[in-house]
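Colleague: Below, each chain spelled out in residue letters.
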Amino acid sequence: MSLAAFATLLERLAFTPQRLGKERLLARAFTENPDPQRGLMLAALTGDLKLRQVTPSLLRGLTETRVDAQLFAASYDFVGDLAETISLIWPEGTRSDPPLSEVVHELANTPKTRLPALIAERLDSLGPSERYAYLKLATGALRVGVSARLARAAFAGWAGLPLTEVEEIWHALQPPYLELFAWAGGDQRPEAAARAPFRPVMLSTPTDLDQLSALDPAEFAAEWKWDGIRIQAVSDGGVRRLYSRTGEDISAAFPDIVDLMDFDGTLDGELLVRRGEDIASFGDLQQRLNRKTVTPAMLRSHPAGLRLYDALIWDGQDLRDQSHDARRAVLARAVEMLDPRIDLSPELAFQTWDDLAALRLNPPATVIEGVMIKRRDSPYLAGRVKGPWFKWKRDPHLIDAVLMYAQRGHGKRSGYYSDFTFGVWNGDELVPVGKAYFGFTDAELKDLDRFVRNNTVERFGSVRSVARTKVVEVAFEGLNRSTRHKSGVAMRFPRINRIRDDKPAAEADHLSTLQAMLDREA
Amino acid sequence: MAREPLLLPRPDGLYCPAGDFFIDPLRPVPRALITHGHSDHARPGHGAVLATRQTLDIMAIRYGEDFAGSRQAYDGPVTLGETTVRFHPAGHVLGSAQIAVEGRGCRIVVSGDYARVPSPTCAPFEPVPCDIFVTEATFALPVFRHPPPEVEIARLLASVAAFPERSHLIGAYALGKAQRLIGALRQAGWDAPIHIHGALQRLCDYHVAEGIDLGDLRPATEGKKADFAGAIVIAPPSAFAATWAQRFPDPVISFASGWMQVRARARQRGVELPIVISDHVDWPHLTATIEELNPAEVWITHGREDALMRWCELQQRKARPLHLVGYEDEEE
Chain A
1 MSLAAFATLL
11 ERLAFTPQRL
21 GKERLLARAF
31 TENPDPQRGL
41 MLAALTGDLK
51 LRQVTPSLLR
61 GLTETRVDAQ
71 LFAASYDFVG
81 DLAETISLIW
91 PEGTRSDPPL
101 SEVVHELANT
111 PKTRLPALIA
121 ERLDSLGPSE
131 RYAYLKLATG
141 ALRVGVSARL
151 ARAAFAGWAG
161 LPLTEVEEIW
171 HALQPPYLEL
181 FAWAGGDQRP
191 EAAARAPFRP
201 VMLSTPTDLD
211 QLSALDPAEF
221 AAEWKWDGIR
231 IQAVSDGGVR
241 RLYSRTGEDI
251 SAAFPDIVDL
261 MDFDGTLDGE
271 LLVRRGEDIA
281 SFGDLQQRLN
291 RKTVTPAMLR
301 SHPAGLRLYD
311 ALIWDGQDLR
321 DQSHDARRAV
331 LARAVEMLDP
341 RIDLSPELAF
351 QTWDDLAALR
361 LNPPATVIEG
371 VMIKRRDSPY
381 LAGRVKGPWF
391 KWKRDPHLID
401 AVLMYAQRGH
411 GKRSGYYSDF
421 TFGVWNGDEL
431 VPVGKAYFGF
441 TDAELKDLDR
451 FVRNNTVERF
461 GSVRSVARTK
471 VVEVAFEGLN
481 RSTRHKSGVA
491 MRFPRINRIR
501 DDKPAAEADH
511 LSTLQAMLDR
521 EA
Chain B
523 MAREPLLLPR
533 PDGLYCPAGD
543 FFIDPLRPVP
553 RALITHGHSD
563 HARPGHGAVL
573 ATRQTLDIMA
583 IRYGEDFAGS
593 RQAYDGPVTL
603 GETTVRFHPA
613 GHVLGSAQIA
623 VEGRGCRIVV
633 SGDYARVPSP
643 TCAPFEPVPC
653 DIFVTEATFA
663 LPVFRHPPPE
673 VEIARLLASV
683 AAFPERSHLI
693 GAYALGKAQR
703 LIGALRQAGW
713 DAPIHIHGAL
723 QRLCDYHVAE
733 GIDLGDLRPA
743 TEGKKADFAG
753 AIVIAPPSAF
763 AATWAQRFPD
773 PVISFASGWM
783 QVRARARQRG
793 VELPIVISDH
803 VDWPHLTATI
813 EELNPAEVWI
823 THGREDALMR
833 WCELQQRKAR
843 PLHLVGYEDE
853 EE
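Chain order of the listed sequences is A and B.
Residue numbers for the first sequence follow the numbering used here, so the first one is 1 and each next one is one higher.
Residue numbers for the second sequence follow the numbering used here, so the first one is 523 and each next one is one higher.
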């Protein structure tokens, strides 16, 4: 597969609306291209080509040697995608069409200091569509309308293999996936790669009291919904791995947990930062996320622990076909043998849904974000199956705030003013208290976008200051104290719940409301 | 030198005190000069309107014969107060003109919207030397380098050939873009019937009456579903959301616009086949036009004025944004 063919594929994938159409395009590409090109293509789509040296700032710096920085910034603001902006703005040069493997190899193996010159040379000898594909490869963030899961599903469909089996060994395979394509061609499943595999996790669907009232509470177990991150802890013949719920191996960031995983099995639970009996807030946990390694100081100040709620495999026995209650019994015995920093998420006692509603309203800790409801006789099923598991989240906090600033969005929102800063009253001035860029419907987005365009009072680069007349209802999950924000508060997961055109700006909420909320949480 | 300028921006639009008229005003005024028939430039309800005959005809088609108190078709230089006014082709849509205002020893050319890519549907842009050039900035970002229309038409025809069982539904605005597209298809040798939405009919008829050959055009409402296999259908983009589009077999949704160069824009519109065809200048044509005319000053009406201001600064050209609000920012 040449770079031009890859560029054409990306273009077709991006503009083919139906999932089936995308899968067909990918199937054809798997058939038409030999190893290792097709494996590299697949890795590019699943985000497994780790060419992480090529950073956005490197590309920006490079482009600014060819194009005026201000014109480039204005273009990026408009286009909303860095690779696309550079591919469109880069001065035209000659045309060539290298094989995909050649450009991947050189991006992976060129020392960082020589990368800018290499990339510039490539960009000088490619057409706009190939420049786009090349930059997408280099940065790894494709965003071309194909998820990693869709790419794997397309592979499984094309190969005639069960998707769950492909997903189970995926983490252990390396591009260009020669063993995987050999398996598709009739060879054995690559078992050696399958040590301590990730098992697709079971997910819940949202519910409420109305839906629950149709169900018999006696058939369900309940527990708190912890506001940490969902993990799968696997220990298999001496190999220990900690996975995120999407199957990403995050062991390196949590050596303290891996040390405690003295068992043989696959356990499902929540990763939390815990200090003694206390569970720290999600804000504390965030300090430890997205790090490749962790410092000793961080291990001491932010010690992690696990709170488990399910066992998929224990002592060589696959429990996934057994009932929730049976798995839970195994888990309870297992946890007793482990370090106290790994414990069991307790079951909640309730007779009626109203009992559970009362518990949900008064959780014993702020790190609880609702309750989980699980069918007692249900096996462990991969994916988001509606019925056996429900999440019944705490109601969000709501405030009415005034729109203050707006910026254009990126990705699929590019071109729309979709990043909003909103504020509340402090005396007779508005202070910004947060930013939100989702929550609204497409129709509401159009309304907000039009409002921004017609009510801009000042521009600061890409930021527009708008007339202080539009009130929005903001929903959020919690508040933290903040020294960075002038208002002294930072919201968790803020989103625009609805537009309050019925409300004049003067009737929006006051900062004191948030401060009172903060005091209650503390 | 505190003399009153020849033209100045007002909330109602660009005003000429020495001649007491507006150019492309946004609200009804006693006397308006209109560059072209697009609805954000040509609005109904003015006292007197001066425009090209074709623009007046188009306004009458869109708004009815009584769209203004009185009208005057441009037919050579006109004296208005202390000024002399001339119209020159802008290459944008049928009837489109740049308006040159001369007086007090200064000539200002208000280009309206303009294009430099030739089209069979209108007279080509005429460069007019001037002291001040008033330009649009719709595509004034260096990312906008529109490919030649024949390349885009070839992509469209390749897609038609690749999916003979599907129809191709192309969104194009009713005045100008639709006819530019049809003209380009005819130039590329596509001589099969082209099916058009009812909203395009009268403007297409008018083009034909003006001697522009658009070939065999048929209403898209005639015929059975299967008859549209392999057909090209052109409609205003708004028609796609309606049940209207359901009459066609598995349509390939396409859109002809300069914005289609940006993938996210195409995807937001659910476009499967973006076609980059524009009736505005792209960045190379815009900057080349300014260099060619080499005016003492550039005024910028609407669009991405910040970027064009920056370019002028880099070229050490005097420029100012007019901040006229009300022209379509991102329609085309």
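Simulated from the structure, these hints should not be mistaken for lab results.
Hints are not guaranteed to be accurate.
[Stated by the list, open to error] Pair ranges (Cβ atoms, derived): (1) 842/B - 503/A: 36 to 44 Å; (2) 606/B - 450/A: 35 to 43 Å; (3) 542/B - 125/A: 15 to 23 Å; (4) 751/B - 19/A: 54 to 62 Å.
[To be verified] Sample of chain A residues facing chain B (criterion: CB under 7 Å; computed from the structure): (5) 82; (6) 89; (7) 91.
Ideal placement from N, C-alpha and C gives every residue a C-beta, glycine not left out.
Colleague: With respect to the beta-carbon atoms only, verify the hint that residue 606/B and residue 450/A lie 35 to 43 Å apart.
Modeller: holds (40 Å)
Colleague: Hint check: is the beta carbon of residue 89/A less than 7 Å from a beta carbon of chain B?
Modeller: At 5 Å from the nearest chain B Cβ, residue 89/A passes the 7 Å test, so the hint holds.
Colleague: Is the hint on residue 91/A kept, meaning its closest Cβ partner in chain B is under 7 Å away?
Modeller: violated (9 Å)
Colleague: Quick check on a hinted range of 54 to 62 Å for residue 751/B and residue 19/A, using CB atoms only.
Modeller: Cβ of residue 751/B to Cβ of residue 19/A: about 24 Å, so the range 54 to 62 Å is violated.
Colleague: For residue 542/B and residue 125/A, compare the CB-CB distance with the range 15 to 23 Å and indicate the outcome.
Modeller: violated (58 Å)
Colleague: Against the range 36 to 44 Å, how does the distance between the Cβ atoms of residue 842/B and residue 503/A compare: consistent or not?
Modeller: holds (39 Å)
Colleague: Min Cβ distance, residue 82/A to chain B: is it shorter than 7 Å?
Modeller: Violated - the Cβ of residue 82/A stays beyond 7 Å from chain B, reaching only about 12 Å at its closest.
Of the numbered hints given earlier, the model fails hints 3, 4, 5 and 7; all others are met.
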